[in-house]
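J.: Using the hints, put the two standalone chains together into the complex.
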Amino acid sequence: MKEFSVFDIIGPRMVGPSSSHTAGAVRIGLVAHRLLCGEHVKSADIELFGSFAETGFGHGTDRAVLAGILGIEPDDARVRYSVLLAKSEGVEFSVRKNDREPDHPNTTRIHVVSETGREFTLVGASVGGGNIEITEINGMEVSFTGEYPTLIVFYNDEPGVISAVTAVLAEKEYNVAFMKVFRNAKRMDACMVIESDSTVSRDVIGLIREKVKDIKEICVV
Amino acid sequence: MKYGFSSGKELLSICEAEGITIAEVMLRKEIETSERSRDDLVNEMFENLMTMQEAIREGFYNKQHTMTGLADDNAEKLLDYADKANMGPDMTKICAAAIAVAEVNASMGKIVAAPTAGSSGVIPAVLVMCSEKHSFTDRDLVNGLFAAGAVGAIIAKNASISGAEGGCQAEIGTASAMAAAALAELCGASPAMALSAAAMALKNILGLVCDPVAGLVECPCIKRNAMGAANAVLCADMALAGITSIIPFDEVVSAMRSVGRMMNVDLKETSKGGLAATPTALEIAERIHME
Numbered sequence: 001m002k003e004f005s006v007f008d009i010i011g012p013r014m015v016g017p018s019s020s021h022t023a024g025a026v027r028i029g030l031v032a033h034r035l036l037c038g039e040h041v042k043s044a045d046i047e048l049f050g051s052f053a054e055t056g057f058g059h060g061t062d063r064a065v066l067a068g069i070l071g072i073e074p075d076d077a078r079v080r081y082s083v084l085l086a087k088s089e090g091v092e093f094s095v096r097k098n099d100r101e102p103d104h105p106n107t108t109r110i111h112v113v114s115e116t117g118r119e120f121t122l123v124g125a126s127v128g129g130g131n132i133e134i135t136e137i138n139g140m141e142v143s144f145t146g147e148y149p150t151l152i153v154f155y156n157d158e159p160g161v162i163s164a165v166t167a168v169l170a171e172k173e174y175n176v177a178f179m180k181v182f183r184n185a186k187r188m189d190a191c192m193v194i195e196s197d198s199t200v201s202r203d204v205i206g207l208i209r210e211k212v213k214d215i216k217e218i219c220v221v
Numbered sequence: 001m002k003y004g005f006s007s008g009k010e011l012l013s014i015c016e017a018e019g020i021t022i023a024e025v026m027l028r029k030e031i032e033t034s035e036r037s038r039d040d041l042v043n044e045m046f047e048n049l050m051t052m053q054e055a056i057r058e059g060f061y062n063k064q065h066t067m068t069g070l071a072d073d074n075a076e077k078l079l080d081y082a083d084k085a086n087m088g089p090d091m092t093k094i095c096a097a098a099i100a101v102a103e104v105n106a107s108m109g110k111i112v113a114a115p116t117a118g119s120s121g122v123i124p125a126v127l128v129m130c131s132e133k134h135s136f137t138d139r140d141l142v143n144g145l146f147a148a149g150a151v152g153a154i155i156a157k158n159a160s161i162s163g164a165e166g167g168c169q170a171e172i173g174t175a176s177a178m179a180a181a182a183l184a185e186l187c188g189a190s191p192a193m194a195l196s197a198a199a200m201a202l203k204n205i206l207g208l209v210c211d212p213v214a215g216l217v218e219c220p221c222i223k224r225n226a227m228g229a230a231n232a233v234l235c236a237d238m239a240l241a242g243i244t245s246i247i248p249f250d251e252v253v254s255a256m257r258s259v260g261r262m263m264n265v266d267l268k269e270t271s272k273g274g275l276a277a278t279p280t281a282l283e284i285a286e287r288i289h290m291e
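Same order as they appear, the protein sequences are chains V and U.
Taken in order, the first sequence gives residues 1 to 221; the numbers are from this note's numbering.
Taken in order, the second sequence gives residues 1 to 291; the numbers are from this note's numbering.
For reference, chain U alone in the conformation it holds in the complex (with noise of 0.2 angstroms):
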């Protein structure tokens, strides 16, 4: 296979070897392997984009009910306080976004799973709502899905997605690196320097821990993405700036695996530990089971 990659490395090598982006190994690897055109696997990608659009404008408009009842409007809020966030309002639209794709997830809305349905917020947050200043198409973005799914990939083969196996560091941390290494790559970043962002994505999250309160995907995975967003972006941009990763992305992604390994099983999605066995925790599980 010509354009096969299972690390980041190997990856690399082939952008530099045929001067492309990582996007676009990744849409080759994709019509070596299924035997489908560009045509069809582009039209694919720009459904689940759409889908990705909608669930943004959904969460945003439309008064969500998870099942809860405790994280109903959230994106709401923050957005009407976007103008006067200390961190400025790009950077809180981006984490209402996050926030309102992850309430319609809990709300039994339609989203993409990227990489996971717990993490669905981050990537469609980061590169819909940082399309409009920098003026990225339909098409631009369907590239950055292609290039988020490659960092995805390489980290599903050598780590995991899944909280149970690896905790909240490889859904909403592999979420989070594969956003910036896409937002990274979008505004232009060299295929080295976008691994660089997502590498730093990763070890920014690198531990953290899937304690879901009551087993549901709300407390705290929702305002998880909204974090899951903002390291994105910044991590792109570190990286836009110049700053490289000390650790490269494939060691990080390495030292993701073996935390994943080291994680106490009552903190990997079982809701035994962590925010899942505080009272607080235990008293809305309470309450949500009586019913």
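Looking at chain V on its own, in the form it has when it is part of the complex (with noise of 0.2 angstroms):
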């Protein structure tokens, strides 16, 4: 059974009403935020799901998701005013729902497109206590939480990336608490989800992006 903290019982801080609904959301949309690593978000549009296209407008997840895009915390009471931020920084963005049965019911899809035209598509869903789980980034499917700080390598399915990406991990002094990898298809696109006990710096982001030459993607989220 799990141990838990005194901080899982009087907390988290957060903006309402729902930690599934409201805070969830909020973190689903900074992920999508984080996979722009840090560039202007041009365009976002939101579609949700089951229990998040029903009662979702009442919940304003709608909000909290484009909060998250745009970078705002889930403990951030600027959350509640997020179409107004959007606007206001030339953001455009839609929200629709859609009526397909979602694996889980709190789940959302997201589109953003940076300034430069970078592009990410991602699905995640609230899992509860929000607390969230992210189960595909541009048509792959993956598998992670967020709990920790993750890093994310899209690369192209050859021989020896992975050790090359973990060998400069390792160089730098980088403890490895999980790492799942997914692929599309043999020697076709594939995704490398590392989640470690603390945030890969850009430089060493920079490092890996230098040494490893069939990366095409990598950002930490």
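Fair warning: there could be bad hints in the mix.
Below 35 angstroms or equal to it, Euclidean Cα-Cα: the simulated DSBU-like pairs (lysine-lysine) are [unchecked claim]:
(1) U/LYS157 / V/LYS180
(2) U/LYS272 / U/LYS157
(3) U/LYS9 / U/LYS63
(4) V/LYS87 / U/LYS63
(5) V/LYS213 / V/LYS97
(6) U/LYS223 / U/LYS110
(7) V/LYS97 / U/LYS110
(8) U/LYS110 / V/LYS87
(9) V/LYS213 / V/LYS186
(10) V/LYS87 / V/LYS42
(11) U/LYS157 / U/LYS84
(12) U/LYS272 / V/LYS97
(13) V/LYS97 / U/LYS63
(14) V/LYS216 / V/LYS42
(15) U/LYS110 / U/LYS84
(16) U/LYS157 / U/LYS110
(17) U/LYS110 / V/LYS42
(18) U/LYS133 / V/LYS97
Among the chain V residues that face chain U by a calculated CB cut under 7 angstroms, a handful are [stated by the list, open to error]:
(19) ILE9
(20) PRO12
(21) GLY16
(22) PRO17
(23) SER19
(24) THR55
(25) GLY60
(26) VAL83
(27) LEU85
(28) ALA86
(29) PRO159
(30) LYS211
Bear in mind the hints are in silico, worked out from the structure with no lab data behind them.
Every residue gets a Cβ at the ideal spot worked out from N, C-alpha and C, and that includes glycine.
T.: What follows is the structure in structure tokens.
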């Protein structure tokens, strides 16, 4: 049985009204924000599924996801005003409901484009108590929770890429907590998800990019 | 682990062996498990307290705009009426504060989940609003939050603090039990008496279903926060007066768990039964989903 910290019971500090429909929704949006590595968001399309679609409006789920995309944290009072913020920052956005039955009732699909044209589509579910699971990025099935600093690497599925990336992490003394690899098919697009105890710095990301030629995208979420 | 506990019985035996309060056991357990310093943990809890105090102020003095628009200024109404109230001004202000925080939560304002967002009004209302009468310092209130956390952690471990799993008894019931124990301990109750207060609070709310109208954390959640706060004060006072719970705390928690399991899924946050299935609730749901 799980050991509860006192702060699981008295906490978190968050913007209401619901840990799953609001705080969790912000956190899924934040993953989309971080995939863009600090680049300004040009446009965002948000789709809500299941219970997110049914009761999302009343829980501010739409505003919560948008707030996350803009880089606002779940305990930041600006979550409520994300629509105004998006407009003032010139971010084009749309929100729509999708009737398709999702695997998890609280699911959203987010499509973001940065000002330099980088593009991501991700699917995430709010699984209770503000916890989330990201299940898909750019059509690739993945699985991570965002509980730890997470390094996401998209690469060509060639031998040696994984060890080259982890070698750099080892050299820079990052401790890998969990690591999973995913791919669409043999020698096709692949994705590494590395959850570490501390956030991998920009310099080290640059170093990995330099040393490993088969990398297409790399970012920390 | 020297300060580990997973039941009320274990918690009490540590309190007795060491001659310390529930709050102190919780703090020492957290130091052991998180490897963080005492100061760091106290400061983190102090942040929670400040957010709670701010949420009460926000709910009292600024008009809230909830999603349905049906519950925007009930805290203010009750506060204005406090001097005439049958239950006396002190209790009325506590209930008004619980509504204030719950309205802030329903309006996308900032709160502390305690133990959940839907039940976030109970603990701040009881502790913060009682502090004037007893001259509790903020440091006392931080201790109260650690004591409340100990009770909540035992319930979370042995039953549930989620409406979807255990109904409203798991949310408002737990919050009320946590607040009752914390207030009793702050007023000088022994750890055993404080747990008796928690047991009585949970017993009074046993079986309450989670039936939110239109699936939103507004009706009946906001008013149930006021009820949970009043119940906490009542049970703390009963314990301080020397009344004990006939059923021990751990057995009440176990009963809450089994009641939660027997509860039909329509009554566990799915909005398919109870108040959520009444004609008025369905009309409200229809109106909101049209927008």
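J.: Now look at each hint and say whether the structure bears it out.
T.: Results for each hint:
For the hint pairing U/LYS157 with V/LYS180, the CA-to-CA distance comes to about 30 angstroms; that is within 35 angstroms, so the pair holds. Restraint check for U/LYS272 and U/LYS157: satisfied, since their Cα atoms lie roughly 27 angstroms apart, inside the 35 angstroms limit. With a C-alpha separation of about 45 angstroms, the suggested pairing of U/LYS9 with U/LYS63 is violated against the 35 angstroms cut-off. Taking the CA atoms of V/LYS87 and U/LYS63, the gap is about 25 angstroms. The hint holds against a cut of 35 angstroms.
At roughly 40 angstroms between alpha-carbon atoms, V/LYS213 and V/LYS97 are farther apart than 35 angstroms, so this suggested pair is violated. Taking the CA atoms of U/LYS223 and U/LYS110, the gap is near 19 angstroms; set against the 35 angstroms cutoff, the hint holds. Our distance criterion of 35 angstroms between C-alpha atoms is met by V/LYS97 and U/LYS110, whose separation comes to about 26 angstroms. About 23 angstroms separates the Cα atoms of U/LYS110 and V/LYS87, which keeps this hinted pair within 35 angstroms; it holds.
About 18 angstroms separates the Cα atoms of V/LYS213 and V/LYS186, which keeps this hinted pair within 35 angstroms; it holds. Distance restraint check for V/LYS87 and V/LYS42: the Cα-Cα separation of roughly 11 angstroms lies within the 35 angstroms cut-off, and the hinted pair is therefore satisfied. A C-alpha spacing of about 42 angstroms is found between U/LYS157 and U/LYS84, which places the hinted pair above 35 angstroms, so the restraint is violated. The suggested pairing of U/LYS272 with V/LYS97 holds, with an alpha-carbon distance near 21 angstroms, which does not exceed 35 angstroms.
At most 35 angstroms may separate the alpha-carbon atoms for a hinted pair to count; V/LYS97 and U/LYS63 meet this at roughly 30 angstroms. Distance check on the hinted pair: V/LYS216 and V/LYS42 sit about 21 angstroms apart at the alpha-carbon level, within 35 angstroms; holds. Restraint check for U/LYS110 and U/LYS84: the C-alpha separation of about 31 angstroms stays at or below 35 angstroms, so the hint holds. Of the pairs offered as hints, the one joining U/LYS157 and U/LYS110 holds, with about 27 angstroms between alpha carbons and a cut-off of 35 angstroms not exceeded.
A threshold of 35 angstroms between alpha carbons decides the hint, and for U/LYS110 with V/LYS42 the separation of about 28 angstroms falls inside it, so the pair holds. For the given pair, U/LYS133 sits about 51 angstroms from V/LYS97 by alpha-carbon distance, which is inconsistent with the 35 angstroms threshold. At a threshold of 7 angstroms, the smallest CB-CB gap from V/ILE9 to chain U is about 4 angstroms, leaving the interface hint in force. Because the beta carbon of V/PRO12 sits about 6 angstroms from the nearest beta carbon in chain U, less than 7 angstroms, this interface hint is met.
Taking 7 angstroms as the C-beta contact cut-off toward chain U, the hint placing V/GLY16 at the interface holds, the least distance being around 3 angstroms. Checking V/PRO17 against chain U: minimum C-beta separation of about 4 angstroms stays under 7 angstroms; hint holds. Given hint, V/SER19 at the interface with chain U, holds; its Cβ is 5 angstroms from that chain's nearest Cβ, closer than 7 angstroms. The closest approach between the C-beta of V/THR55 and any C-beta of chain U is roughly 4 angstroms, which is under the 7 angstroms cut-off, so the hint is satisfied.
Evaluation of the V/GLY60 hint against chain U yields a held restraint, the C-beta minimum of about 5 angstroms falling below 7 angstroms. Taken as an interface hint, V/VAL83 does not check out: its beta carbon lies about 12 angstroms from the nearest beta carbon of chain U, beyond 7 angstroms. Checking V/LEU85 against chain U: minimum C-beta separation of about 13 angstroms lies over 7 angstroms; hint violated. The beta carbon of V/ALA86 is not positioned within 7 angstroms of any beta carbon in chain U (closest approach about 15 angstroms), and the interface hint is therefore violated.
Here the hint on V/PRO159 is broken, as its CB sits about 40 angstroms from the closest CB of chain U, past 7 angstroms. Look at V/LYS211: its Cβ only gets to about 35 angstroms from chain U, farther than 7 angstroms, so that hint breaks.
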